[in-house]
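Engineer: Each chain, written out:
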Amino acid sequence: MNHRQKTLHMNCENNMDIEPIILGDNQFFGINHISESKGIVRGQQFNDMGEIKKIIYAAVDNGINAVSFSTHPSIYLITNMLKNDQTLRNTISVYPNIPYLMKYVQMLTQIGPLNTVKQVLKGGSIFTSIKYSISGAFNIATKDYFAFLEKVINIELMPFKGLNVKGVFLHNGIVDLALGLKMTNVLSFFNTYIRKEFNAIPGYGTQNFAVLCDALESANIENALIMASFNKKGFLMNPSKDLCEMKLKSCKNTTVAMATLASGNIPPEEAYDYLFNNTAIKHIVVGVSTPEHAHTTFNIIKKYVK
Amino acid sequence: MKIGIIGFGKMGMLHAGLFNSIEGVQLHAIADTSNFMLKAMKKVMPDVQYYNDGYELIENSGADMVVVSTPVVSHYPLAMKLIEKGINFFIEKPLCMNETQAVAIQKAAIEHNVKCYVGVPLIMNENFINVAEILKSNTLGQIKHLTASIYSSDVLKQENGWRFKKSIAGGGVTIDLAIHIIFGLVHLFGAPIKVSGKVEKIYSTEVEDSVNAELTFPSGFSCDLSASWSNPKYRKSTTNINIIGENASAEIANFNYKISYKSGKVEEYPYPDIYQGTMLNIAGTAFSRQATTAIEYFRSKSYSIDNLNCAVCTQKIVSLIYESSSKNIAYEL
Numbered sequence: 001m002n003h004r005q006k007t008l009h010m011n012c013e014n015n016m017d018i019e020p021i022i023l024g025d026n027q028f029f030g031i032n033h034i035s036e037s038k039g040i041v042r043g044q045q046f047n048d049m050g051e052i053k054k055i056i057y058a059a060v061d062n063g064i065n066a067v068s069f070s071t072h073p074s075i076y077l078i079t080n081m082l083k084n085d086q087t088l089r090n091t092i093s094v095y096p097n098i099p100y101l102m103k104y105v106q107m108l109t110q111i112g113p114l115n116t117v118k119q120v121l122k123g124g125s126i127f128t129s130i131k132y133s134i135s136g137a138f139n140i141a142t143k144d145y146f147a148f149l150e151k152v153i154n155i156e157l158m159p160f161k162g163l164n165v166k167g168v169f170l171h172n173g174i175v176d177l178a179l180g181l182k183m184t185n186v187l188s189f190f191n192t193y194i195r196k197e198f199n200a201i202p203g204y205g206t207q208n209f210a211v212l213c214d215a216l217e218s219a220n221i222e223n224a225l226i227m228a229s230f231n232k233k234g235f236l237m238n239p240s241k242d243l244c245e246m247k248l249k250s251c252k253n254t255t256v257a258m259a260t261l262a263s264g265n266i267p268p269e270e271a272y273d274y275l276f277n278n279t280a281i282k283h284i285v286v287g288v289s290t291p292e293h294a295h296t297t298f299n300i301i302k303k304y305v306k
Numbered sequence: 307m308k309i310g311i312i313g314f315g316k317m318g319m320l321h322a323g324l325f326n327s328i329e330g331v332q333l334h335a336i337a338d339t340s341n342f343m344l345k346a347m348k349k350v351m352p353d354v355q356y357y358n359d360g361y362e363l364i365e366n367s368g369a370d371m372v373v374v375s376t377p378v379v380s381h382y383p384l385a386m387k388l389i390e391k392g393i394n395f396f397i398e399k400p401l402c403m404n405e406t407q408a409v410a411i412q413k414a415a416i417e418h419n420v421k422c423y424v425g426v427p428l429i430m431n432e433n434f435i436n437v438a439e440i441l442k443s444n445t446l447g448q449i450k451h452l453t454a455s456i457y458s459s460d461v462l463k464q465e466n467g468w469r470f471k472k473s474i475a476g477g478g479v480t481i482d483l484a485i486h487i488i489f490g491l492v493h494l495f496g497a498p499i500k501v502s503g504k505v506e507k508i509y510s511t512e513v514e515d516s517v518n519a520e521l522t523f524p525s526g527f528s529c530d531l532s533a534s535w536s537n538p539k540y541r542k543s544t545t546n547i548n549i550i551g552e553n554a555s556a557e558i559a560n561f562n563y564k565i566s567y568k569s570g571k572v573e574e575y576p577y578p579d580i581y582q583g584t585m586l587n588i589a590g591t592a593f594s595r596q597a598t599t600a601i602e603y604f605r606s607k608s609y610s611i612d613n614l615n616c617a618v619c620t621q622k623i624v625s626l627i628y629e630s631s632s633k634n635i636a637y638e639l
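Heads up: the sequence lines are chains A and B, in that order.
Quick note on my numbering: the first sequence kicks off at 1 and runs consecutively.
Quick note on my numbering: the second sequence kicks off at 307 and runs consecutively.
Incorrect hints may appear among the rest.
Stated by the list, open to error - Across the chosen pairs, the derived CB separations fall in these ranges: (1) Lys161(A) - His451(B): 56 to 62 Å; (2) Glu506(B) - Asn47(A): 28 to 34 Å; (3) Trp468(B) - Asp17(A): 47 to 53 Å; (4) Ser240(A) - Tyr575(B): 45 to 51 Å; (5) Gln582(B) - Gly63(A): 33 to 39 Å; (6) Glu506(B) - Glu51(A): 50 to 56 Å; (7) Pro267(A) - Lys442(B): 33 to 39 Å; (8) Ile611(B) - Asp242(A): 34 to 40 Å; (9) Asp370(B) - Asn115(A): 30 to 36 Å; (10) Asp612(B) - Asp242(A): 31 to 37 Å.
Unchecked claim - Computed cross-link-like contacts, DSS-like style, restricted to lysine-lysine with a CA-CA straight-line distance of at most 30 Å: (11) Lys182(A) - Lys349(B); (12) Lys161(A) - Lys151(A); (13) Lys348(B) - Lys196(A); (14) Lys308(B) - Lys182(A); (15) Lys196(A) - Lys345(B).
To be verified - If you want the footprint, here are the derived chain B segments under chain A, 3+ residues with CB under 8 Å: (16) 316-328; (17) 334-348; (18) 578-584.
No wet-lab data here; the hints were simulated from the structure.
No residue lacks a Cβ here, since even glycine has one placed at the ideal position from N, Cα and C.
This is chain B alone, in the form it adopts within the complex:
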């Protein structure tokens, strides 16, 4: 399988390395707007095709599969072009700028039988996979409430760059960071029936730096969600999901997880105890597992829309949080 990478920044490089290490997959073409980057890579990887335009790569490279790892604003037109050309693609989260675009991509992909896989590595972490299994086993009993948070200190002053321009990024911390958790919750519990939220600026002028939201799921329980990339307490992105059931609660905390039973019994699973090696670990096993899963899907004869549906639902929730915040009302899905 020949792969093309559109956008050779930090994430593009990571995906290129991971996909290229999978047996039978070969890095075939790279597109980036930085001529400096292209020249540098040509020197060390002379056998790869280079383009400074993603559409040229799609038209001319002959790639069997494409990774889209560009600023969010270009996701939708690139995705639609790939669908038009019948090329399967992996796309970095978020799928696109807003719900309208997400639904259009979903519709076109299904119509043209093109496979689209949206990368959200959180659900590929060992602790998340294990807790998903625990939920299936009904160990926790009926779910009563959730709390979820993701914090980092990436933005402690007014920053430049495309992530802080609403017209390019689609939003701030909600669409960039909280989306990991929202996708994870949809993956575990399906679509919520009600969404409300409040976003706030701290340092940025165009996009929000913090968000608080409430998602209500069909069986009645709700999730209090909080995210900020301007919390100096957390040097690195730190995730915490607490699932409170009638029999026990599960806490997913970065790499570890813990089950606390009503009886007082607590089972702790530190990361070294649940670690599962992967074929190549570049930035954590979740990225590696994600690449393998995507390639298995692209190679399979079956067409599954689970991942894409999850991404579209996530995009709807993000759009509704923004709407809810601006109009100060809750929305029903």
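The following block holds chain A by itself, in its conformation from the complex:
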């Protein structure tokens, strides 16, 4: 890996001083886990980059200076917008969530593993926003899986170069598969690589908080981030809400709660009262769709954040 690729502009020093509220990005890409039609409508709203900028500014105006981004094929449009806006560039901390699994799954299904690797390394059809070619990388990738993972991480983080990347999450699809296959070496690799090469805090997305806590403990991984569902209904909390709550008490990593409103099925006051008054949660990621929604939501959360 050359120096230019890995040098992201970062202010953090591997400490756990992360923001209590992180703006999520699902709404920008039209992702709604419950309603496809609502997701599509929302996605169309954010086809206009100006609308995304409005939301990020609304967050900043309400004191929220952190955003989580998946590396959706259109991520370059957003990160370029951030880089070109001096206020946002200097204010916002970014938490990439990599890789954007859908694009790899589609490629794996359509062209097979070997061609997927070739395509990824040379910059293929779905990576049209950037042209890159990592010489010799294919030979490395076919011989050393971890070397290939390094390349994928480098490629995925390219759009964020020049932004203040504070933490990097490994996508829950990879983390949860690694948990099932008991590949804790993948989790350890990510922990080491992100800290060492990017001076950022490694994070793990998961739908299996309790199992991940055990896996991180067995791999001696501490002071990392975990992004997991936590809500009063127990939605997407596996294997159970009770066990997740119990593990949270002894967790040596920082948990960022997602799905806090259970896809809009818990009133905000009730949701945040549960999280901040009844569990040890201190950080959440939350999506908002309009400046008014941002104002209302963030001000409710701020009442509860300690």
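Please build the complex by placing chain B on the supplied structure of chain A, with the hints as guidance.
Structural biologist: What follows is chain B alone, placed relative to chain A:
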């Protein structure tokens, strides 16, 4: 229980992860034709045996149970080999290419007392399980009509890959996507007595991209079934089943369900309200529940052919839809 996985693509990986997370089950062997994939996995999972041929895995790995997750054309010969060797197996839907093969697998499995579990996760979704219970309670009254659909936008241009080659996949959207719903309907209502259908190509040259079919069930009600993987309105696979009874109707919509009574009362059950956590959620709770159910079956002393019968009936229906479409006639089962 030592498990072997034949076919380590997207679904093979998923099943490997889920089965391996069950207590007492251990991922023991993987077979895949991609040497690149095998080399990569060997690096991160050095204790697993690797083969580039599924038959070698069956012969030599010593696996107690095998997951078959390969292109459809290889299902039948692999299934027959597993039956011959007396090894229980989980097989991705569809069971095989056509009705003739399905019946042969069923017959051989029963003769050799080998357990075969066909994976169709739809019936393991929380909403589907709940509606199945509602049907048992007769809350809806006598069933009068059904509509069912499954749409996605996976195919919006001519695609390559084995799924679009009839000689490898057995067909298109009917055998790949609509089969989920057909299996679900057979699971809920048993075998239909009459089947007709019309399949059409939109982008693909060898297989169909859309299907419309009518299934008539023994008590007289029918189901209008529609499926397409070329509907740009749906970015993700979207399922809808409407069951209209004399007292009420039930709507299964992706993860939610709704009961609408004649009186006007409507009960809605959004996914967060019915969600049930599972031991490991990788791609949805249904896959996890399916893995647990299959392992419980393989561990049990009893031999049940419910799942296999359902899969064979489903395969018959798929074959008849293709026949009906080509000859423009309805078939009675």
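Engineer: Are the hints correct? Go through all of them and say.
Structural biologist: Status of the hints after comparison with the structure:
Separated by about 58 Å at the C-beta atoms, Lys161(A) and His451(B) satisfy the suggested range of 56 to 62 Å. Against the hinted window of 28 to 34 Å, the Cβ-Cβ separation of Glu506(B) and Asn47(A) comes to about 31 Å, which satisfies the hint. One distance hint, 47 to 53 Å for the beta-carbon pair Trp468(B) and Asp17(A), holds here, with the actual separation near 50 Å. For Ser240(A) and Tyr575(B), the hinted distance range of 45 to 51 Å is not satisfied, since their beta carbons lie about 20 Å from each other.
For Gln582(B) and Gly63(A), the hinted distance range of 33 to 39 Å is satisfied, since their beta carbons lie about 38 Å from each other. Against the hinted window of 50 to 56 Å, the Cβ-Cβ separation of Glu506(B) and Glu51(A) comes to about 38 Å, which falls outside the hint. At roughly 34 Å, the beta-carbon separation of Pro267(A) and Lys442(B) lies within the given 33 to 39 Å, and the hint holds. Distance hint for Ile611(B) and Asp242(A): a CB-CB separation of about 38 Å, consistent with the stated range 34 to 40 Å.
At roughly 34 Å, the beta carbons of Asp370(B) and Asn115(A) sit within the given window of 30 to 36 Å. For Asp612(B) and Asp242(A), the Cβ-Cβ distance of about 33 Å falls inside the hinted range of 31 to 37 Å, so the restraint holds. Of the supplied pair hints, the one linking Lys182(A) and Lys349(B) holds, its CA atoms being roughly 13 Å apart against a limit of 30 Å. For the proposed pair Lys161(A) and Lys151(A), the alpha carbon gap of about 15 Å is at most 30 Å, so the pair holds.
Taken as a hint, the Lys348(B) and Lys196(A) pair is honoured in the structure, with Cα atoms around 25 Å apart against an allowance of 30 Å. For the proposed pair Lys308(B) and Lys182(A), the alpha carbon gap of about 15 Å is at most 30 Å, so the pair holds. For the hint linking Lys196(A) to Lys345(B), the alpha-carbon distance of about 26 Å falls within 30 Å, and the restraint holds. Look at the region 316-328 of chain B against chain A: 8 of its residues bring a Cβ nearer than 8 Å to a Cβ of that chain, three or more, so the hint holds.
Counting residues of the region 334-348 of chain B whose CB lies closer than 8 Å to any CB of chain A gives 6, so the stated coverage by that chain holds, three being the minimum. With 5 residues bearing a CB less than 8 Å from a CB of chain A, the region 578-584 of chain B meets the requirement of three and the coverage assertion stands.
The structure shown violates the earlier hints numbered 4 and 6.
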